[in-house]
Amino acid sequence: MQNTAKLSLGIDIGSTTAKVVLTRGEEILYECYKRHFSQVRQKTLEILTRLQNLIGEERVKVALSGSAGLGLARAAELPFVQEVFATGETVRRLEPDTTAVVELGGEDAKVIFFEGGTDERMNGTCAGGTGAFIDQMATLLDLTVEELDALSLQATRIYPIASRCGVFAKTDIQPLLNQGAAKADIAASIFRAVVNQTIAGLAQGRRITGKVMFLGGPLSFNEGLRRQFVHVLKLAPEHAVFPPYARISVALGAAFYAAGLSEDYTYGELISRVETCTTATSATSSLAPLFETQQEYALFRARHAAAAVEYTDPATYRGDAYLGIDCGSTTTKLVLMAEDHKLLYTYYNSNKGNPVGIVKEQLEEIYALCGNRIKIRSSAVTGYGEELIRHAFHLDEGLVETMAHFTAARYFNPRVDFILDIGGQDIKCFKIRAGAIDSIMLNEACSSGCGSFIETFAKSLGYETAEFAKLALFAKAPVDLGSRCTVFMNSSVKQAQKDGATVGDISAGLSVSVVKNAIYKVIRAGSTEELGDHIVVQGGTFLNDAVLRSFERELGRDVIRPAIAGLMGAWGAALYAQSTAKEHSTMLTREQLQSFTHKSKAAVCRACTNNCNITVNTFADGETFISGNKCERGAGKRAAENPLPNLHAFKRDQLAALTPVAGKRNFTIGLPLALGMYELGPFWYALFRALGFGVRFSGFSNRKLYAKGQYSIPSDTACYPAKIMHGHIEQLIEDGVDGIFYPSMTRNIDERVADNCYNCPVVAYYAELLSHNMDSLSTVRFFYPYLNVNHTGKLTENLLAFLNAEFGGFGKREVLQAVRTAKAAYEAHMKRIRREGERAVARAKREKLRLMVLSGRPYHIDPEIGHSIDKLATTLGFVVVSEDAVAHLASAPARPAALNQWTYHARLYNAAKFVTETKGAELVQLVSFGCGIDAITTDEVRAILEDGGKLYTQIKIDEITNLGAVTIRLRSLIGALDQQEGRG
Amino acid sequence: MATERVIFTKEMKRDYTILLPNMLEMHFKIMAEIFRHNGYRVELLQNEGQGVIDCGLKYTHNDACYPALLVIGQFINALQSGKYDVNRVAVMMTQTGGGCRASNYITLIRKALAKAGFAQVPVISLNVSGLEKNPGFKLTLGFGKRILYAVYYGDLLMNLVNQCRPYEVTPGSTQAMADKWVARLVEELNSGKSPNYKSVQKNYIDILKDFELNLPRTKEKKVRVGIVGEIYVKFSPLANNNLERFLVAEGAETVMAGLLDFLMYTVNTAVVDYRLYGMKKTRAKVMKWAYDYLHKKQLDFIRLYRENSTFTPPTDFEKTRAAIKGYIDEGVQMGEGWLLTAEMLELIESGATNVVCAQPFGCLPNHIVGKGMMKIIRENHPGVNLVSIDYDPGASKINQENRLKLMLAGAARELEQEREKQASAQPTPTEV
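If you read the sequences in order, they're chains A and B.
Residue 977 in this note's numbering sits at position 977 of the first sequence, and the numbers go up by one each step.
Residue 297 in this note's numbering sits at position 297 of the second sequence, and the numbers go up by one each step.
Honestly, the hints are just simulated from the structure, not real lab data.
Check each hint, because a few of them may be wrong.
What the hints assert, rightly or not - Straight-line Cα separation of at most 27 Å, BS3-like style, residue types lysine-lysine; simulated pairs:
#1 B:LYS13 <-> A:LYS43
#2 A:LYS431 <-> B:LYS288
#3 B:LYS325 <-> B:LYS145
#4 A:LYS794 <-> B:LYS285
#5 A:LYS794 <-> B:LYS280
#6 B:LYS193 <-> A:LYS794
#7 A:LYS950 <-> A:LYS848
#8 A:LYS476 <-> B:LYS13
#9 A:LYS812 <-> B:LYS13
#10 A:LYS664 <-> A:LYS708
#11 B:LYS285 <-> A:LYS950
#12 B:LYS222 <-> B:LYS13
#13 B:LYS397 <-> A:LYS34
#14 B:LYS397 <-> A:LYS43
#15 B:LYS288 <-> A:LYS794
#16 B:LYS145 <-> B:LYS193
#17 B:LYS280 <-> A:LYS34
#18 B:LYS319 <-> A:LYS459
#19 B:LYS281 <-> A:LYS823
#20 B:LYS193 <-> A:LYS812
In isolation and in its complexed conformation, chain B is listed as follows (with noise of 0.2 Å):
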């Protein structure tokens, strides 16, 4: 079964759509723009719902985890459904190369494909680490760039609706606002003009300014929850079943860490490896600059939330690292690592005192850095309330739902008592 894989090719960039599948709406929609922009003719997938499910379960190790299930299921899906010409079509996938399965994503797509009799299409590797290179696809430093923005924008968009759509006053209008922007910044994009950090910048600003200013908001105080996870679970609503809707209907404001920080998580592991391991002293140190360039970019968006408005920027990614002191260490980076840990402990430092950890059904890593950590977490913070739920294809929905509700009516307790605590604290005034 070792078959040569297909190389995408110089001249399949020309006439080949390249199919992507889809995990965050914005930031992909955004850089699927960007693709465009490049030279390249991609379409991000849409198709969901149980269709998706039957062609993953159909094509894919039952065992696999459930992300690539579902990533090769959109796949397979769409080959089927007749929309492209299975011929000038290939896909692309990320790849990060580390010890997980999850680095197999691939390998798995690639067999499936094969399996579901579509052999001749392309994948195509989309890896930092030099694993597996197609001569029509070349990630250039300029491209990279720009596909960053996609990453900033998409952050600030997500981080931006988290906070805004619990407490919009017309239904709808928070999405309308995010969808307002995504559409603006797509054209923008493919107006020819080539993007800058620049202008970036200054798209931050106008984007913090409109929501603040044009987005009628109640002043009532919800349940703030945290949602950490392995990555396409935590992001993705076909994964996690629509879990940021689902808490909001409940009457919760979600709160995470955005792509931006799992990608410097990444870039990071190099510089772990070379400090505990001694290994690629010169891959360290392309990786640490990479790093700082983030980093500064990072610190620069959380001025920018702090000069236009009110919204809570996100966290400092190095203070989001140093949470991890006393708990578990950056040598474990496989899947998302100590960063799940980190992302735990950082929410409820900043007051989201419940958190969601949302992993695929026996997830390898997060038997460590999720399950295994909220003992100690549970013994230093008493009184969060974390809860662990597995997604897969067979996992009910309602039980997943009712661990949900259960932690919920235990924050909501919580807020209760904090209400009376703060109603009795108020100051009686004495008699002279």
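Next comes chain A alone, as it looks inside the complex (with noise of 0.2 Å):
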């Protein structure tokens, strides 16, 4: 034998999959890569066991990797190599002057540099997987992976979908399908989320450039991925590596790590460690099992099959029908009901990306069942695509998805007085006091992903979802897996794998899981008293009797689950078309649907400088529909005559108005618009006007803004608003300003409502961070000085000592008059603010309009953080102010039960103060996503609304783009005040 070197085993086994590689030096003798569908020590030995002729009776030097590696190698005593070590192995040996190695796995991603000393980076608790990320999607798209990589080759323009995490990107994408956006840019689109997820997430501010090499499963199997990584990183072809050891890379690492030890086994050794050794002791908690025995379950199934609706046989039936579509963002369902509420007809599936189609069936499906004997006296849709098949098919009535819950629910129970849904995509549950819905919870966008979630899962295991449910009823140890995003309970799902966790464990484990998200995340419920009596729960989710028992088991008691319990929606819908019925529908007709064509084109508004993504959907008859638009403009309607006030648009004009200037110093000063600039904008640009610098702002933000500055970002747990602060710091520098002015404040303005005036610490010190993290701030100089706008004198004494640091020749006068005038300047901009506010609330009490406090933080009427919600809510008939508009209002300083020392917060309470005292009024938080601070103003500020009868409503923002979720809330909102006034 030529090679004398000795055979090294490295066995790599990830969150999903196994790879084993067999090597000689750096020969490659055998290589695999296998799912192992959480059957980790089965699937290893499987594979041993086909190297027995290989390795025959040589010793054999071994090491394992990867996190369910980790385990194994434990309980069998072998070696263990950390698989980011590992990948540096493979590196240093085959392609040494690598600069730096992308590595996406199962559900890893992984960055590292080589350059002055290895910099090796995972992705942290937030950001999702990407190989999982990529097949949920794809099964999002019913499409497999290849087809989703083969697509993705014919993309024409890619859409903004959120990269934080998956759960993110997936409330992006969704919206786009059931807008009919072309499956071929959302697959590209998916891939450059990846992509911007691994930049944002993982280089934090390093850029990755020099010879890259990329590695891992999704990347060796997605061209579609690959080209975006080579398009978005600039990389010269040379400089891009695909190797072909791409997907056992890290196997291939711990094979040459194990080279290097001194312990080898015989091939008969190495299999009876592997099959001998048992799984440690357990780190996973579990839980009781959700049945004992199988009399205790035929209990359950009879008390819940009672809550049934009766069929009726259509091929016997003669009299009215009403037809009832839930449109909703995974699935679409129909009912159609008899005129003495019997069913007809139903359908329950996937929408697979395109709802349109599957209604278009569905409608002649049922226009053959009806014949002549079936009358449809009148139609009605609800859900995310409520409007996109109200305008295809011309039904009769539309109607925002919580009223038309309500409106089942009540049918089971007159008495309802809470409701629980949960879909594929989202939870939704409302209080209902006095037959009206009280208050209205949404799941925010993080903990979504609740019915598709399992759904998902139980494919990755190789299950069906009913089978996977089944599993789950008696299992004897449900697997503990906490109540917060799915993305964390990826990895608890992981842990519990290592730790042995039988499939029906984890089938259970997620249904406790998806329950206790409802009732802490969402509904946040501290007793189970507080939510009801009279509960019903529905939604597809509910149908999986260990979903139901466990949301049961967590209550202490018993609830009702209509045995339509996925079809609510649709039979609310069809009830209200039964209330609302006129003589004749005005749905197409059975030949009017023979004709009926679809066409959707991706487009671009220029109606204003949103530019908002839109959907335009033409049919056969000429009618048109556009999505996607966050205004009515978008639509193609004009702009009103007497447009109603909105204060977030008036406020946008303010700082607008304060254009760019020169000064005499030839020297300009640029304001990134950003986090605090946003309030004390005025005050800078004044100050350094009087001071005879040359001004500029950065400008609104937009998404192609925040994308300059992404590379930079150190922490992507952070704000929004944080976050975006970078790309306008590149935008001043494109400006070509000389200067760059963020100061440091720990203490914002002074308003003297409250304890203290403190800004947040991001708002506070962001300063510090940009300077150590974006190297082009090298190019200008940029100026954080720590300043205290409330003492005028020890102000001064600092930006004095602060300017002739900088730039000297300032004199104490100067700078004091300067201070003045920026005062004065600050205090007028805040006067207008307040008067503007006060003429929209004369307006809104003459006109007897709707008036919403659309509150915040100032910078939340940014258009790209706030996503324009306030032109959503004048587009619904709101009159929108702002909480600074109308603060000053409430008739005395609010008092809350929290420290009420930020300036910012005082401002939303007193806001909130004002909203109890006036009628009409209602007020709206805007709540950023990563917010730590407004986990105690939004509790507060929903006390004060509470205390005065009044809803409180929260949105949580972030980079997601789609308003559909937005609009519900609102319209439901709406709903919930016109049934409050009696008007609904």
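Assembly of the complex is requested from the two constituent chains, each provided in isolation within its own frame, with the hints serving as guidance.
Right under this line is the structure:
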């Protein structure tokens, strides 16, 4: 034998796959890549037995790696090497001049830099998995991963899809699907999101340049993903390395690592170690079984069977019927209801990304069924796709899904006071008080993915959803998976698998998690008594008996689950259609349906500077429907003559009026229009102008601007308003300013209505972060002195010191004068806002219009951060004011239970108080995802409003760009208000 | 919901039991004894595990930070245990009044208690900023000074345990030694003799010598891993999934600054507020005095270390403070503020080039002082190994451990290379 090196075996067991490599020196004798379906030990053995002949009687060195390899290595007492480290071994051995490695695995993402000492990074707790993410997205599109990849190569446009975590991305993709965007474009956009996620989440300010090697399964299988990486990183072909061993690189590294170890084993020894090892004591805690006996389960089934709707035979029925359609995010549901509330026909299925096609098919089917005996008197549609379907088929009515569900639940229990609906994508729950919807809670983007999460998980473990659910019922030790977002659950499941949990245990654990998520994360109930006495649960997810059982367990009492739990939205729509029926339905007739066609085209709206990505749907009869637009102008409507007051727009106009000016000093200061600059911008603008500098703002944000700076964001869990700051800095540098100013300020403006006037830590000190993470700042001067705007003397002193240190030649009087000018400018600015607020309030009162205090923090008026929700609200008929425009109208400062020591918070509390004192006023609070201190304000604002008999509505915002969920929320609010006022 | 807070009255002092949350076992045990010495009935909570986390999840806003969730969970879990007369019990928590959400722990606790049906339980704020007052609880100068003794002792024992446990010849001997001293100190405080600084110094010397002489240790070289972070997550094993024990089990030695540093940082805040923002001159003067007092004590301890042992003493806080030059300003003072950056830098300078930064998920100040400073620290110190770990109720232990293992693998490689370098640097005899 020529090669005298010893045999070396690398085994990499990740979250979803097992990889095994046998080497001799650098020669690969055997390689294998297999899904393990969480049967870690069995799969490993299975692969090892194939090596028997290759190994023969020789002794072999071995090392394990990977997240699931750790447990096995411990139990079998075999050497272990950390996976990133193993990758490093591969690179050092085979491509030593590599500068960086990007490695995507089933659920992990890694970037390794080799220049200036190895710098290895893995995805944090928040960034979702990538391989699993792509799988999940493919499922969503009803494609295989291979098809997804092939489609992505034909893309013509890229949609912005949130890149922070898989769940967010899903929230973006779903509406695109429902709006009929091309699958090819979505496929490419998914890959782009993965790229952005890797860059923003892992590189964190360090550029990926030089010779980059791409490793791991997803990168070796998906051409589309590779292209996106090369494109975004702007890599020359010779600098992008896609080696043939990409998918087994960790196992290969483990083999190289093993070669350096002293222990070696015979084939028999290896097998027996893996065979006999028992998994170490379980670190995963387990819960009680859902059902102990078959009898217990039978009783449970019988009890729930009582809440049923009768069916009647459509072949014999004669008379009127009502059609209800629920076009949800992942599924489409149809119900045809007879006059006497019996079911004639039902349909429940995945919309396969093409709801229009599904509905058309179904209508044809229903018409065929109806013949001449059944007349469809009226039809109604609800759900995500409401507008699209209503336009496409000329349905009689559309209603917001919360109202549909309430209508349906009331049918089963007229006294219902609490409804919980867990669908494929979202959790909705609402309390009913005095016959009207009293409060609505929707899951925030972060904990969504409930029903479809279980589905995807079942699939990834190789099971059908129903079968997966069945396994849960009698599982001996359900895994305790906690109640956080699904990305965390992925990791917890990983751990449970490692600890030897059965599929049933995992399935049961997921059911409990979904329930806990709903109760503690969405409803945030302290005790189950808070929920209500008459609870109805619905949504497709509750058809899963394991979920239903977990819910009753957690509550400690029985609830009603209608047999048509999955059809409740459609059922409610049908009931609604019946209650609003006219003589004839407007719905397309059978004949019209035959010539029905639907085309969708992606476009960009140019009606304003938002440049929304819109989808233009055209139907055979010439009807068009535009979706994706953020305001009515995108839908082709012109601006109204006397538009409703909108303080957010007013404030933006005020800031936009502060145009760039030149100064005698021939030095232009750039002010980044983000975070605290939204409050004090007019102050600093006036100050530097008075001192003779040229001044310019970076302007409002948009997606492109954000993208400019995303490379330098070190903490991916910071709020979007902070992350967008990086883009503003880049913008100013592009604009050619000489210096950039963003002061560090522990305290904000003191409005003397609270106990202190703090900024949040991010607004206060973000400049420190910028200065050390943005390489481009080395090309300009960056000023971030520590200042206190409330102390004229000290402010003058500090500014004078700062100016003289940086420029020289300033006098105290000059600076003092400028400070006074700045103060006057700021005060005038705030006064204008308050005056305009008063005017808006007066007009609302005069014309009996609804007034919405769209509150948050000053930077929420930014069109990109606030996603133009203000425009949406005016479209829905609200007069919109901001918190700082009405806070002064409260009769006295609010006294919240929490420490009241932040300027922005005090405004929120006072604005809430104003709302409780003003008829027709409502408050909607915008909360940025990741805002730690809004965990305090949201509770307090809610308490103030509820004490004053008002509804509380919170909207969590992040990079998410689609307004579908927000629209539902605001329309539900309107529905609830209508009901309260007896209008509905 | 703006209910009046329940005051802790003078009458309550007599027969109420005050529950203390547990952050640092040894410090707090001694501290509890000092409370008792001053006439309070206190109990240091020892409950932990999933029950505590579940209670926290149930009664706090799920977006509140992890430390708040755990402290609240510990309180409510204890109150529900039936161990206490819930009408004769109060709870105590520190309050800094800074710009971080942590200053709202007190209100979050109050809200959670009300939600759990314990609205009658007084919540006592332990603060030096005059935020909330309770007639039944007074932090007098003498009392406060003695609480400091607990900090001195606790820091000393923690530091010695960190330096000894990884090298102990008999497993468990370090813990036994520390436990012995905690018991002895508690007993001494309990004996009725009024403790003073002199006795503290004497005990200090005895402890140092006892560890030095009577605790057999190996001489092997181990990877030194520094730990910095949000204060609760940094110190509390409940919050950080036994970080210290994990690292030691993986063959590392842990290094971390004590509670005294955090105290000095906090005291320094008022001084900086005056210097930068012109705020509250008198308060700044008092705090400057307090700072100098604490610093002088720290220097005493460093001297005692040097004179009585071979252990590495804590770092002079002035040196830690100076480390941030060119990195971050002392004006950053919410949460752990500049101190966290300073501790990373100080650790690296003192040779612990592997640093774990532990924080609650979504910790606001740490975006800046932790993750925000890592790029520049890495650039200026090539080869350092910084790893940032987020903790929260849903975070999976396996992910955390995987990241730590990655850091340790890198560290082990470096240690190996260093060893080889040293081996090859052995002078070879030249032939003559």
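Now the hints, each set against the structure:
Between B:LYS13 and A:LYS43 the alpha-carbon distance is near 64 Å, which puts this suggested pair outside the 27 Å criterion. A threshold of 27 Å between alpha carbons decides the hint, and for A:LYS431 with B:LYS288 the separation of about 55 Å lies outside it, so the pair is violated. For the hint linking B:LYS325 to B:LYS145, the alpha-carbon distance of about 32 Å lies beyond 27 Å, and the restraint is violated. Distance hint between A:LYS794 and B:LYS285 is fulfilled; the C-alpha atoms sit about 18 Å from each other, no more than 27 Å.
With a C-alpha separation of about 12 Å, the suggested pairing of A:LYS794 with B:LYS280 holds against the 27 Å cut-off. Of the supplied pair hints, the one linking B:LYS193 and A:LYS794 is violated, its CA atoms being roughly 50 Å apart against a limit of 27 Å. Using a Cα cut-off of 27 Å, the hinted pair A:LYS950 and A:LYS848 holds, with the two alpha carbons roughly 18 Å apart. As the CA atoms of A:LYS476 and B:LYS13 are separated by approximately 50 Å, the hinted pair breaks the 27 Å bound.
As the CA atoms of A:LYS812 and B:LYS13 are separated by approximately 56 Å, the hinted pair breaks the 27 Å bound. Restraint check for A:LYS664 and A:LYS708: the C-alpha separation of about 31 Å exceeds 27 Å, so the hint is violated. Annotation: proposed proximity of B:LYS285 to A:LYS950 is violated, straight-line Cα distance about 48 Å (limit 27 Å). This hinted pair does not check out: B:LYS222 and B:LYS13 have alpha carbons roughly 49 Å apart, beyond 27 Å.
Restraint check for B:LYS397 and A:LYS34: satisfied, since their Cα atoms lie roughly 26 Å apart, inside the 27 Å limit. Restraint check for B:LYS397 and A:LYS43: the C-alpha separation of about 24 Å stays at or below 27 Å, so the hint holds. For the given pair, B:LYS288 sits about 20 Å from A:LYS794 by alpha-carbon distance, which is consistent with the 27 Å threshold. For the suggested pair B:LYS145 and B:LYS193, the alpha carbons sit about 15 Å apart, so the restraint of at most 27 Å is met.
Simply put, B:LYS280 and A:LYS34 have alpha-carbon atoms about 67 Å apart, too far for the 27 Å limit, and the pair is violated. A distance of roughly 57 Å separates the Cα atoms of B:LYS319 and A:LYS459; the hinted pair therefore is violated under the 27 Å criterion. Of the pairs offered as hints, the one joining B:LYS281 and A:LYS823 holds, with about 24 Å between alpha carbons and a cut-off of 27 Å not exceeded. Restraint check for B:LYS193 and A:LYS812: the C-alpha separation of about 60 Å exceeds 27 Å, so the hint is violated.
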